[in-house]
Amino acid sequence: MGNVKTEIPPGTLHMLILKSLVRLGDMHGYGIAQHIQQTSDEVLQVEEGSLYPALQRMLIKGWVAAEWKQSENNRRARFYQLTPEGRKQLARELRNYQQVSGAIAKVIEAV
Amino acid sequence: MKSLLRRLQYLFARRQRESELDEEIRDHLARKAADLGDTGAARRQFGNVTLVQEESRAQWSFPLLEQLAQDVRYAVRDMAAHRMFTAVAVLSLALGIGANTAIYSFMDAVMLRALPVSQPEQLVILNWRAKDNPRVVASHWGEIYDHDAGGVISPNFPYPAYELLRNNQVFSSLFGHMNAGSLNVVAEGQAEIARGQYVTGDLFTGLGVPPALGRLIGRTDDQRGAPPVAVLTYDYWKSRFGANPAVVGQTVRIDSTAFTVIGVAAPNFYGVNSSVKPQLFLPIVSIEQIGWQNSKQGLLANRTFYWIELMARLRPGVTLETAQAHLAGPFHNFVYNTAVTELERSNIPALSLQEGGSGVDAMRREYAKPLWVLMAMVGLILLIACANLANLLLARAAGRRREMAVRLSLGAGRFRVIRQLLTESLLLAIAGAVAGLGVAALAIRAILALLANGDEAFPAVVGLDWRVLTFTLLMAIAASLLFGLVPAIQSTRLDLTPALKETRAGAPRRRNWFSLSQALVVSQIAIALLLVVAASLFVRSLSNLYAVQLGFNAERLLTFSVNAAKAGYEGPARTRFFADLESRLAAVPGVRATTSSDMPIVGGWMSSTVIRLPGAPPPREGQPRTGSPYAQVGPTFFETMEIPILQGRALDERDTEGARKVAVVNQVFAQKFFPGQNPVGQHFSFGGAKPVEIEIVGVARNARYNSLKREIPTVMYLPWKQTSQPLPQMFFDLRAAGDPLALASAVREVVRQANPLVPVAGLTTQTRRMDQTIRQERTFAQLSTWFGALALLMASIGLYGTLAYGVARRTSEIGIRMALGARQGRIVWMVLRDVLVLAGVGLAIGLAAAYQAAALLESFLFGLKPHDPFAILVSAAVLLGCALLAGFLPARRAARVDPLVALRHD
Chain A
1 MGNVKTEIPP
11 GTLHMLILKS
21 LVRLGDMHGY
31 GIAQHIQQTS
41 DEVLQVEEGS
51 LYPALQRMLI
61 KGWVAAEWKQ
71 SENNRRARFY
81 QLTPEGRKQL
91 ARELRNYQQV
101 SGAIAKVIEA
111 V
Chain B
1001 MKSLLRRLQY
1011 LFARRQRESE
1021 LDEEIRDHLA
1031 RKAADLGDTG
1041 AARRQFGNVT
1051 LVQEESRAQW
1061 SFPLLEQLAQ
1071 DVRYAVRDMA
1081 AHRMFTAVAV
1091 LSLALGIGAN
1101 TAIYSFMDAV
1111 MLRALPVSQP
1121 EQLVILNWRA
1131 KDNPRVVASH
1141 WGEIYDHDAG
1151 GVISPNFPYP
1161 AYELLRNNQV
1171 FSSLFGHMNA
1181 GSLNVVAEGQ
1191 AEIARGQYVT
1201 GDLFTGLGVP
1211 PALGRLIGRT
1221 DDQRGAPPVA
1231 VLTYDYWKSR
1241 FGANPAVVGQ
1251 TVRIDSTAFT
1261 VIGVAAPNFY
1271 GVNSSVKPQL
1281 FLPIVSIEQI
1291 GWQNSKQGLL
1301 ANRTFYWIEL
1311 MARLRPGVTL
1321 ETAQAHLAGP
1331 FHNFVYNTAV
1341 TELERSNIPA
1351 LSLQEGGSGV
1361 DAMRREYAKP
1371 LWVLMAMVGL
1381 ILLIACANLA
1391 NLLLARAAGR
1401 RREMAVRLSL
1411 GAGRFRVIRQ
1421 LLTESLLLAI
1431 AGAVAGLGVA
1441 ALAIRAILAL
1451 LANGDEAFPA
1461 VVGLDWRVLT
1471 FTLLMAIAAS
1481 LLFGLVPAIQ
1491 STRLDLTPAL
1501 KETRAGAPRR
1511 RNWFSLSQAL
1521 VVSQIAIALL
1531 LVVAASLFVR
1541 SLSNLYAVQL
1551 GFNAERLLTF
1561 SVNAAKAGYE
1571 GPARTRFFAD
1581 LESRLAAVPG
1591 VRATTSSDMP
1601 IVGGWMSSTV
1611 IRLPGAPPPR
1621 EGQPRTGSPY
1631 AQVGPTFFET
1641 MEIPILQGRA
1651 LDERDTEGAR
1661 KVAVVNQVFA
1671 QKFFPGQNPV
1681 GQHFSFGGAK
1691 PVEIEIVGVA
1701 RNARYNSLKR
1711 EIPTVMYLPW
1721 KQTSQPLPQM
1731 FFDLRAAGDP
1741 LALASAVREV
1751 VRQANPLVPV
1761 AGLTTQTRRM
1771 DQTIRQERTF
1781 AQLSTWFGAL
1791 ALLMASIGLY
1801 GTLAYGVARR
1811 TSEIGIRMAL
1821 GARQGRIVWM
1831 VLRDVLVLAG
1841 VGLAIGLAAA
1851 YQAAALLESF
1861 LFGLKPHDPF
1871 AILVSAAVLL
1881 GCALLAGFLP
1891 ARRAARVDPL
1901 VALRHD
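Protein chains in written order, with my numbering: chain A, 1 to 111; chain B, 1001 to 1906.
Here chain B stands alone, though its shape is the one from the complex (with noise of 0.2 Å):
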């Protein structure tokens, strides 16, 4: 090892070795010379002098290093000779490499990173799992998954079980959080809505996140009683606050509650929920303060009101295993003794613990499997990408067969040349490696705006961190040996003798290479049509989704939300506020009609309580309630969202708090509840609780109500004037004369002048709202289309490259052809005959395995199966066209070769 360093040494100092080298030689020959009293003796007898400084200079040598120098300046020289066929390379690898490396640094952030804490890997997060929904969990904020292996499991646990787990010997901290979800966070005056998360007082200090400032919510401030404090994501106190330091110490007012600033927390943590991205921290017993209407009090006291998620770290040398083990009994005891009938005994949730240095997966659910399939896709375009370079230097090859026999026959060993050939293919891979991340640069930003959409930003964060820039070396090295092997093998694998003995012009015509590139044509085809199908299928899920009956006019609304709870309005006053906005909102100039609901109507929202029919019988312990979805909506509902009234009328004026409680039912309520009867006139009790007696006074045609994609359920429009608890936020509709975007400064205006405490949220237009819902199939289906072209852009090309070169060999047997005759007609067809063949196999052998493929798409698909015969055909088709029109150049220019000027070729 030293000696190698010493050799490093060497290297850097050659001129001076060199010269050391020389004077001691000179000196030897001078003694030498002196001892025997003749120079021209010593002379002869040392021999050759230069021989022995050479032979001495090997000593300090990198054999390996060296030939590795001169092969890359050998690739580098050869590159720049061939400039097209280095930019078509380079291109193309650029393009292939590029797109891997955007879609790998997603499924890095989304899936692979590990929070930005010290040792994550000691990380855990605790889990509850079950045979179905546990009946001892009598109310649950968060969610319930089907676990892969069969039955549920949740994240979500009762304050009081958390406060027991925390005594263990195998955890050195166990700490908790929960989604505040989006908070009005009054400060310097200004009101706007930022996202918070709640944590327990041991959170920073069990994870080993600093503060970048001040200090963070320790144990001292989660206690019941504590001074409300908080503490700031670095870009929130950088974006809200100028990243001035003097907003430690000061108050803000979060959803109408005095809070003090006491820190900012290190830059990049963002807590532990990659896809809630959280701009403020809070301590957890503030929950009961601000959190939700019903959860005020005694949450945190609930034995069976699972919520919070908790996380640990585990005691350096304890395993999981050995963690869940210790407390799964604990765990099991407590929920045991929550339990009260048979039936809730017979489910207990039983504690599970999944490894945490990533943090929690929720973001990984919703993205795992479309990043890969993306993966999928855009791995396939390297295959093509490489597939062309591969074809490229095989016909390149074939053009320097004379070269390599002349280098083998000198002496080159056949790996030495090998070796070399394979150098000059990763040095075009690392050149494309190098584009690529241009590449990858640009695409990024260009997913996470489709992504976004308007939206607020996406929330992991995305960038070209080391791990992708190792993978993304690791593929260029991978790509390079794919396309540079094989053509390197054929290559070097020459009959010395005839090789040597072409011309320059025409080679014998042993076609083993030519069959090789067309099976790599034949890939192609087939590849690309795989890419071809799943853009057509994207594409026309798209376009269904596009033309979905929505039941409502979407065009020209702009929707926005305003929350008068978070201000501090509360019972009769809210309502006042509400109705009173709605009235200014109506006179803002360009302002057609506005309407106001309690959620948004396509936005994947829904409400849904339980109600009784008149004639059916009460219902029974344990089973199935029959239930309805619904909406509280504003009185000029129906007719500023254009929904059509088919019999009865709609909700107006009439229908105040004070009035007999009246509901419009949708088309699909009117059917399944009253078939073939008029419901008009009807009666129905409504909620579970406190059941209220409500007449239907109308049907409305049916609307989409939660999301473009689900079946209309049966819905009930009631007036949000008549509910039971006034809403704490209202969702304002206003069908603009113009664009609706022009009155987003005059409704934010209008709104503060109402009461500068209480901020706009969510303002954007329908349209854009809707489109939210369905980004997943909107970036698939843009992001699959540049896909489709980039491979059909490559299949052409390696099509027309091949044939073109096809065309350049065969140019004397053309001539001779045209001059025996042939028209230029049969040449064309000639030409185009091979494509036929060509396109024909990789069709056939594309079709094949898109059926096999397509099927793993279903779930991404909607209105169509993955089967669709015309997204097929179209594909085939498309791909057909392209094939023949990349034929039809090298066609032509085979039809107007001249035979006379083809004959003296040669």
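Okay, chain A solo, but in the shape it has when bound (with noise of 0.2 Å):
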């Protein structure tokens, strides 16, 4: 499986970053990616393309907030953190999600 990479599916993004959020407390763009990327045993492959408008998007929704600081390895980064309200919108996209993958599964087992 190792090389086999596939594109987030559409619309799921904000859910995976939300959630490695709350796994991670607080983290630089470059780990949240890092994070998917490992958490999903490489499956997942998150393009900075689609990482970078999504936070931005984020931020201005207010779902998350940042923060620069020091790294590490004393370099100075952009931390992103989980606000009550992204929590909320974690929530229910978890909600959706479920509901929609449940009614998938249904449909694929009655074949």
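Just a few of them, taken from the derived set where beta-carbon distance is under 10 Å, the chain B residues facing chain A:
no., residue
1, E1024
2, Q1045
3, N1048
4, S1056
5, W1060
No lab work stands behind these hints: they were computed from the structure.
We put the beta carbon where it would ideally sit given N, CA and C, even for glycine.
With the hints in hand, could you dock these two chains into one complex?
See the structure below:
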């Protein structure tokens, strides 16, 4: 499976980022992308081309907050953090996702 | 919503956001490079850095707003590039919108604006309604109007009714007021006339008007026997007392009674009746001390004397209907109990409430209809301006077909292009509106001056407030849609391929846009005709008024009045004062002749009384009685006014108090009451209650009485020295050798010497005073002339523009015609033929519309019918002349086309 890289299904990137931030506390963009990639056993590949627009959008929506901090190797990085609003949004998206994937599973199993 | 705010913050800190994003991405690349151990691979995997940045930035943006900014930039560039077009557009919109704003601000001031008090929507005005003039109303001060829904309506009540209605559950307060008219206010030794208003003690608290200084009239001031107090309006305090705070506590004499000034009302508060604009307020109980002669005693207790006007504030939650239902019964009972005869009981006035947030509507009655007429006129002017602009834009759009085709073929959405074109129109309209505000400010001043015409200021406060500004903005938006939308749609509806193939000079001759522009020109001509017809009707009315046979000589007459009663003169002392004053005035150098009378000869005044002619049966109860207007005049009246005596003699020095009672009558009187007889020497009895026997000693030629507009009534001229009661005030007319106004200061000085406590009122010339009585007609004639001229100008510009553009487009065609031997005259005719067709159609439509619309103006006209053929013919001729003139210039240019140049044109 190692080399098979799959695009992230449309509409789920926000959910994945939010979920990662729950796990990681606060993290910079690169870390978030790495985390998604690693946790999915390298299946899900986060394109930088969609990661940064998504992060900007979430900032605007108020789901995440950002702060510049010194990171482990003494490098300045922008760290993202979940806001209460973002937590609510995550719950909404998870519920939605589970409904849809459950429904898909039913359809598939019915065959 | 919050995200919108965040976006706005991003908009303002854009630089910082961008550098942050930049740094973040560099950091990302560095980490990735460190992980992969290869900077190049990291970059390759990352992809297009600029694109990532751009897409990230796109998240912060407002696409609509940015496109708008783009559109505005583009529009401004375009407007700057076409300076001539922009100037014409902005100027015509400024005139159109400015005229609308000016008239609307008058409407706002007169009809719409709420009183400057707290919660004006809770206020109601009390009226009563009846089938016709009720007999139970024994005496009445104020007005009875015909009600739109039939019957009559009046705002005046007896004082005891006010006291009765005050006890109720529906009003949080009920208060009354009454116009006190002109008061003689003596302060610091100076006597001056000021307008006063009587108010009840709860008026200020009921309205919620605060004092600017001191305190206002309260319940304790409005008790019989309370010390007399007065409250000044803010403006009067500033103009008369120099805004001196020490005025509070000062004593002023008002009509010879001492009043203490206790305070100044809040700025902008002029009472509840916008047509009066008082300068000071007095407690209503003082009406018995300084009110009219015959009212001094018992007015407040009189149950059949209707005078006080009432307003109330509804308790929260109470509707107007509930309040009316609640109080109708008590009022009915009150009036019913004052009725004596069956006739009186058969028509009992019923209480009727109306909304009162904008105050008493006397002014609305006077001005509502004229204002609607003017509003319609300026609305039409704006329509002409819009048609003009639409036409110009259409012509420009035709010139921009290639540009549009390129933009559309490069993938610009049609809606997007229309939006951009509309942005341009809106920008033009807003520029026009801003300039229009300047025009409006000037126009308001001009109209105020026109209305005032040397008289005291127009009572309402007119100006540009936020409501007027909102109106102007809406007007601009509506106008921009009106003139911009159709050209925008038209110019984006393109068949791309032929349009792209067009050369710059010649477009294929698809004429459908041209017919639209012709329709616009035709409608402009039609509308302009409407306005010119209105103008000529009003101007002819006015000239008819000026041409009215006065019957007396109004040239070089100075006129003014003095009130000796208000300065404390009583009985014979008053008569002596007037006689003495008149002889002093006659001695002023430059005065040729003087006379005096109890009323201005043409100034809207009228006195009328019952008469009984010789041989007439004694009057029966309930029968209409014979009556006639009269005037009481001094001994030199006919001589000074130059009214010829046709039979008998004029009144003169012989007709003193003790002498035989005599009268001179006018021709109408003689013919009506003594047809075929010589009235001189005849006797009749004058007056109802205590009739006096009077002998006619002369017949005077007919002269205007009361009004220029009305037919001359029967008039009796009586010597004021023989009047039963001494006159309270006297009107003097001085015939000057030169400019009558040059005598003004000498006259004031003479009156001051006679008694410094007697002020001179209404000093003006006789012609001005008569102008005052026709100020509506004057204002209409002047304004409509301006409006008509404006409409003509705009329509001519529109016609000129369309024709000039047409000629320019047809240059090569004209060149070919000329090359083939067409004469110049034929070319001119070719263009003028278009003019005649357009003007002809426009005039036909305009005439039909004018025929319909003119009937609405009937009540404003004097001495002519609304379908006055002369006015309509002249208007049509003027319009046709303008059209030909506008067409002649392009026609001449067409005729001067050089065929060689024209043919090389392509």
